[in-house]
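Visitor: Listed below are the residues making up each chain.
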Amino acid sequence: MSPSISTSSPANGNVSAETAAQAARTANTGVQSVTFAKALNTALADAMEHDSAVLMFGEDVGVLGGVFRITDGLTKRFGTGRCFDTPLAESGIVGMAIGMAMNGMRPVIEMQFDAFAYPAFEQIASHVAKMHNRTKGKMPLPMVIRIPYAGGIGGVEHHCDSSEAYYAHTPGLKVFTPSTVKDAYLMLREAIDSPDPVVFMEPKKLYWTKEQVDLESLRLSHETSMVPPTEGKAAIARAGTDATLIAYGPSVSTALAAAEAAALEGRNLEVIDVRTIVPFDDATISESVRKTGRAVVISEAPGFASVASEIVARVQERCFHSLAAPVLRVTGFDTPFPPPKLEKYFLPSVDRILDAVDALQWEEVA
Amino acid sequence: MPLSALSKNHHVVTVTFSFCLQDYRSHAHFSRIFREAGYISVAKPIIELRNGLGSNPQGLLRCHPKSRKAWTVTINESREAMEQVSSKFGITPEDYMLPARTEIHMLDVNGKLHPAGQQGAEPGHEYPLPSPAALLAAYEQLVIGRRVNDQNSALVRQGRMAVYPSSHGQEACQVAAALCLGEDDWMFPTYRDSVAVMAKGVAPMEVMTSFRGDWHSGYDPNQYKVSVQATPLTTQLLHAVGVAHAAKLRGEDTVVLAMCGDGATSEGDFHEALNFAAVFNLPVIFFVQNNQYAISVPLSQQSVAPSLAHKAVGYGMAGERVDGNDLVALLAVLGRAVRLAREGNGPLLVEAHTYRMQAHTNADDATRYREDAEVQAWIAKDPLTRMRSYLADAGLLTEAAEERITASAEAVAKTLRDGMNSEETPDPAELFAYVFSSPTTQLTEQAHMLADELAREEDTK
Ligand SMILES: Cc1ncc(C[n+]2csc(CCOP(=O)(O)OP(=O)(O)O)c2C)c(N)n1
Ligand SMILES: [Mg+2]
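Respectively, the protein sequence lines represent chains X and W.
Take the first sequence: its letters are residues 57 to 422, numbered as in the numbering used here.
Take the second sequence: its letters are residues 17 to 477, numbered as in the numbering used here.
Only chain X is shown next, with the shape it has when bound in the complex (with noise of 0.2 Å):
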């Protein structure tokens, strides 16, 4: 079905790309505690073991691994045809990309940052998003776009905006956001099988986070289809009864340390982890709020015009009868993301998430 290309590298043959395989399945068997890096860096080769028309390709990605690693060892395993450095250019690795998925490969790129994908942003809004539907479906474009974005960690100007928005409001892209270790793996894996554009937003901050997983049995049940897809599926990272807090990407673990902390007074908080912005689960969201009562939305991305005011929309026109207070949102102040030294101020806390729970009348109803 595929073109085949060769996978083996200049130094290695065939035969030692089996051994790699191999090896590298071996290594991954059993619960052990895995990084999100390294479940997005595996995911990547075992889709690319999987099939060969998967390409990766973008700015350091090659023998540097990418400045995050998370392509790390690829080039070696795979080859310089299969995972490779680009000259420094945005629109064109994206502009590219098209082309390599107009003519039967699955090309994965890499934007270095956030806010160096907004050259491409030409590419991916007339193009990327557009194709499909231009030509009724003849010309399908089955690409992932990987951004690292959003802060913490204390990063400088250009390398910290959460641009979710802009994706999400271009119909024609789906948009996915992964906030555990196990999630990065599979979200990643399906973002690769899907027949249409994936830009998939990686929280630079979880990079280094860690979980026990067993990656070897996550790539068995995937390309079994034992688990069930993420796409349009959120989560429920934590199960409550009085309030749910709505979150995506790197403002669910905050979400989930605000929950615990309400806990200790008395308050039973869900936490719903989005997964995929689009498309998005209406359903999930909703039974929720419908049973809580009381809403709010956490993102890192300023407030105005964002996905966050699009998820209150959502859920008020879907749950307007069993509200007992206004779907409130902790979100980015409307500014541009801010210097290092002031960064602490702009992010969603725990503090400022209780702040907004209590303020969803809980006197009126008791």
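No incorrect hints appear here.
One side only, chain W facing chain X, incomplete, derived with CB under 7 Å:
# : residue
1 : Trp231
2 : Ser282
3 : Ala310
4 : Thr441
5 : Pro444
6 : Leu447
7 : Val451
8 : Gln462
For lysine to aspartate or glutamate, the following DMTMM-like pairs were computed, each having C-alpha atoms within a straight-line distance of at most 20 Å:
#  : chain 1 : residue 1 : chain 2 : residue 2
9  : X       : Lys397    : W       : Asp434
10 : X       : Lys132    : W       : Asp381
11 : X       : Lys400    : W       : Glu461
12 : X       : Lys397    : W       : Glu440
13 : X       : Lys400    : W       : Glu469
14 : X       : Lys397    : W       : Glu473
15 : X       : Lys400    : W       : Glu439
16 : X       : Lys397    : W       : Asp230
17 : X       : Lys400    : W       : Asp468
18 : X       : Lys400    : W       : Glu446
19 : X       : Lys400    : W       : Asp475
20 : X       : Lys400    : W       : Glu473
21 : X       : Lys238    : X       : Glu267
22 : X       : Lys397    : W       : Asp443
23 : X       : Lys400    : W       : Glu474
24 : X       : Lys289    : X       : Glu279
25 : X       : Lys400    : X       : Asp390
26 : X       : Lys400    : W       : Asp443
27 : W       : Lys477    : X       : Asp407
28 : W       : Lys430    : W       : Glu440
Calculated from the structure, these hints are not laboratory results.
Quick caveat, the model's predicted, so the values are computed rather than measured.
We put the beta carbon where it would ideally sit given N, CA and C, even for glycine.
Since chain X is already given, all that's left is putting chain W with the ligands on it; use the hints.
Guide: Coordinates of chain W with the ligands only, in the frame set by chain X:
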């Protein structure tokens, strides 16, 4: 110089002028005279040597009084400029635009002057030696630049500064970039060009504001004629073109130096900027520091052109390449480029061959993509040692001068250390203060919300 109005329409006044041949200097020179007389030149004055040499030449100026608001530009100006300047050098426009057959260099790796015939002596690409005073002043900046780089890297290692992209090894480029410009000329630097920014006069601690994470930029671009240090690669090159264009429309003779790295030449904005500058015949020097790497990616994977300087000809401008670790050659090449640009000959592209001797930033591990032997080979070509040996051998660097220079570098380093030690934190209220000329209702609300939060925190302490 007598001026007489010839014809008038709504927007443009055409005047003739005559002048003595010894008055003939440059278009910029005439533009300045007209500006002082209340005219804004809308194009380069057209100068005709009508009556032959020796008698009174005539000229035409299309301009308008300062009160008028419309502008016109001459369409074929760029082409004419290329023809004029190349014929002045006695070479074809192609030979003017193409870089000399080899990079321009003056000092060898040991700091010995190359024989005159090898110093950049091709027709139209001749480079005279800068004056001893200019060389000594540049050397002082070179020593300071190295000290600044190493002091800042140390501060990063000690965790007292967020990030510092060092130009260690590239200081000769940094210094020449600043010294070739006049006070009213503009510089458009990148994240790596802190030393150039300081050498153009920006106070060291104002430069460090962004690297220690206090704010996105710490100096007033208008005060120093230095734009903010750009991170999104090559976006600043188009801003440089715009600054030059505005100055030209007002009849000012500002030159703009726009800086970027080798990797950055792959970005679309690089190509758009060169083309705009050439089409509008603007005085912009595009100065590419080819330090061989874009983070981990070597130049061979960015471009297969004979050199980056060769890209110039494709846009109809002049290109030149120069040894980027040879301060003498850099001063000569950039000095000539600025002169040519100021005279109205359009933009130039200068590529300096140098080397990023350290990692991309403190967050980078260069051992993953290059061999130490390569680094060592470049350390042997260190711009500092070469310049020092040259000046010492030429008897230009006395012991006293060396002491004075070391002391002034030490003083800058101390400023940086002291500044970094002060544990000032920026005021969170600043988050909202500068988004617009005055905060919107929503920003004011958010500012109050944050102030409230902070007050409550204070109370619970
Ligand atoms: C538009 C854009 N894409 C990516 C980056 C990330 N980035 C920062 S520096 C750099 C390498 C630039 O290399 P080069 O132009 O050679 O300059 P050098 O760092 O070597 O001075 C990259 C890829 C960026 N800053 N802007
Ligand atoms: Mg470089």
